[in-house]
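Please put together the full structure from these sequences, using the hints given.
Residue numbers (my numbering), protein chains in the order written: chain A, 1 to 422; chain B, 1 to 390.
Possibly wrong hints are sitting among the right ones.
[Stated by the list, open to error] With a cut-off of at most 35 Å between alpha-carbon atoms, the simulated DSBU-like pairs for lysine-lysine come out as follows:
1) B/K305 x B/K203
2) B/K203 x A/K337
3) A/K196 x B/K305
4) A/K337 x A/K65
5) A/K196 x B/K163
6) B/K56 x A/K290
7) A/K65 x B/K203
8) B/K305 x B/K56
9) A/K65 x B/K163
10) B/K163 x B/K305
11) A/K340 x B/K203
The hints are simulated quantities; they were obtained by calculation from the structure and are not laboratory data.
Residues per chain, in single letters:
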Amino acid sequence: MDSRLGPAPPRAHWPPPRAHEQARGYYPPFTVLEKFLQTLMDGLAVGSLYALIALGYTMVYGILKFINFAHSDIFVLGAWISYATALFAGYNDLDPAAAGIQAAPFPVWVLYGLGGATFVALVVAGIPKLQGRPLSESARALLLGVTWAWACAGMALAARVLQGAGWSIVGGGAILICSMLTCGLVGFTLERVAYKPLRNAPRLNVLITAIGISLLLQNLGQLEWMFGTRPQGMPSLLPDAVLAEIGGSRPSPDADWTVQPVRIRLLDVIAAGTAIVLMLALDRLVFHTKIGRAMRAVSFSERNAALMGIPVDRVISFTFVLGSMLAAAAGFLYAQKYTKLGQTADTVWVLLGLKAFVAAVVGGIGNIRGAMLGGILIGLLEFFGVAYLIPQLRDVYVFGVLILVLLVRPGGILGSTAVEKV
Amino acid sequence: MAWSLSSRASQLGPPAAWSLVRGVLPFLACVAVAILAQVILKPFLITTLGWDFAAKMIVDVGINIVLAVSLTLVNGFTGQFSIGHAAFMAVGGYTAAAIVYYGSYRIAGNPDLAGGVLSSMLVGREAPWFTPHDLLFLVAMLAGGVVAALCGYLVGLPSLRLKGDYLAIVTLGFGEIVRVLIQSQTGDVLYDPEEIAQTPAWKLAGSLGGSLGFSGLPFYTSFFWVYLLVLVTLLLAWRIKNSSYGRALISIREDEIASEAMGVDTTRFKIRAFVLSAFLAGCAGALFAHTVGVQLNAAELGFVKSFDIIIMVVLGGLGSISGAVIAAIILTILPEALRGVAEYRMVAYAVALIVMMLVRPKGLLGVHEVWERAAWDWLLGASKRKGAGR
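Spelled out as structure tokens, the structure:
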């Protein structure tokens, strides 16, 4: 018998250890119940993040009827911006002395530069011209962008101050908001610059443009003066502790576990809780507010919505900003759970984004509640497939289900199949 | 409604014998030109020291031309959006690699290059014009194409129900599934002649190297094979574009509903386009697998490779054969020229793609060929005239 394992644990295992296992003092690392619970928790945690990303895909598809391939890159940007801002604010788990303003990667400076330069430019050149006239749509957009950039910079500074004051958890929240604001601005800009001119172009062109933007964001992020090609370790911005341990067994309270228990971590609870709060807020926004009604109207018929006096451009921009902010939140939470940040063009990121898209399709694309359901389902499918079937085929399960759903019920679970009319 | 092309051709066309000659002769000419390319280029570019850099570029350009033109059949002519083209390449490449590698073992007991003059890029070696190994390589290439075509049929089937973005996602999902399966579900490459002789064929088919890649392949790819495939591909694409078959494909691109109303069996034509495109991509994959300096690995044939091919097709012009060729040439040579600023290369590509879509949504040449006046009207400033430009 292996002496490290000690005597048999007091609690009966299920399934009971076989004779040879008992003879060697060997116990499986998980019993059936614990393995199931752990898989369920992992699946739900990652599934809720998929759902957050899927919401952005589904909202854009619902309104503009194209797949925003760049959405997964906004998610990656959200993770990296929160890393950059965290370094700026003084968080660095590995080397606290190295964190600070000097260590802040370039993109944080872009935030300030963007905000400051456009503000100055507006004051010097713009204001005199605008005197006595109502602001044009583009001027208003510019003003909004500048205000937004300043808000980002403010949140980054707030995070720095809070971290200095020892309120690191609140500082983490400020970084989350900063990342969301930044990505919202990026989403807004992308829509205005690249997608708006193509509003009436064939859908294939918009799709190709989206792929182009995706490639652009990935490869810009890889440049040395941006985030670089080395993977980085995300500092922990949220508190983590083991809240509860379910099951498991060990010979005495201070001995090693012979059967690992299911650990409910505070980080997982916060991540899933934030995701759920954001999703509830979005649901509330879409179904119970004026702008939400406008979004649904534009999604139903852009032309008729315009005839009813709905500012279609503004609603579309708002949708992009909203989707990008949710993706950024997902990026932040993902980076907190899986702390190794790969380079922006890493296939891991792309696959994550694609799986979130699969979630949107499975739930019924264009349907907001469908995206939430699809995200959870895909997360569960992935983790249960890995735990109970062949682990290497992780991606095959997801894409297999996608093809199956598309063939059997192309509208998705909650979606409706519309017949195309002439 | 059934589409019978042959009956009309036999009623109106020239005598059968002449049309047979006219049909086959260009293919024979392709073979002749490819032989010339091999015989003329090889002494210049291959020395005892190895390959000249230009030789490698010429081969890569050829393979990319085949990939771009074959994708043009689906994305350009038929208007379906496939973003899993590299998967067909992977399927064809791995099939051909298994046949060549294990076939060589079965025939000669080793995997060494034993091709004739046409498929050998070695110098100072007396070889006949044609050996049984060349036949093995040809069979392997065609088999790779056929297996890829079967996959193309499978991927084309969902186009019964799916359109546009959805089909794109299915092709993407298919590509990922192929990649993951090859990487995780195949065993190590065998290299012991005894072991290979005793292993049944179905087991050999599963020994493709897994995530390490298929190593130890003989380098059969030569100017002859590459440019034979290039010329045949161009000939096929050109003939399709200028036939009623191709017009049926183009009508699907322009308006699927109208096309169906005019009696085009859209599903069948879409599947055919997929099958042919996949076949050519599979053959190109076979050539890619046996190129000098290439380690066949499914990890490199993921969606990044697919996007590379798409960029060639889109920049050249969706529906333009010569555009795809030009874009393939430029985008193969450009990265080498931009080696000094390699990290900005992809950024520049992405910007070029976006700007192209905003400024000239149909690509550089649109649906026209490079020698047609309409392709240049936009450049010469005639695009403001009504009806010109596009």
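Now for the hints, and whether the structure bears them out:
For a cut-off of 35 Å, the pair hint linking B/K305 to B/K203 stands: about 29 Å separates their Cα positions. Restraint check for B/K203 and A/K337: the C-alpha separation of about 41 Å exceeds 35 Å, so the hint is violated. Pair hint A/K196 plus B/K305 holds up; C-alpha atoms about 29 Å apart against a cutoff of 35 Å. For the suggested pair A/K337 and A/K65, the alpha carbons sit about 32 Å apart, so the restraint of at most 35 Å is met.
For the suggested pair A/K196 and B/K163, the alpha carbons sit about 23 Å apart, so the restraint of at most 35 Å is met. A hinted pair counts as satisfied when its Cα atoms are at most 35 Å apart, and B/K56 with A/K290 does not qualify at roughly 62 Å. Distance restraint check for A/K65 and B/K203: the Cα-Cα separation of roughly 46 Å exceeds the 35 Å cut-off, and the hinted pair is therefore not satisfied. Among the hinted pairs, B/K305 with B/K56 is consistent with the structure: their alpha-carbon atoms are about 18 Å apart, no more than 35 Å.
Simply put, A/K65 and B/K163 have alpha-carbon atoms about 12 Å apart, close enough for the 35 Å limit, and the pair holds. Annotation: proposed proximity of B/K163 to B/K305 holds, straight-line Cα distance about 23 Å (limit 35 Å). For the hint linking A/K340 to B/K203, the alpha-carbon distance of about 39 Å lies beyond 35 Å, and the restraint is violated.
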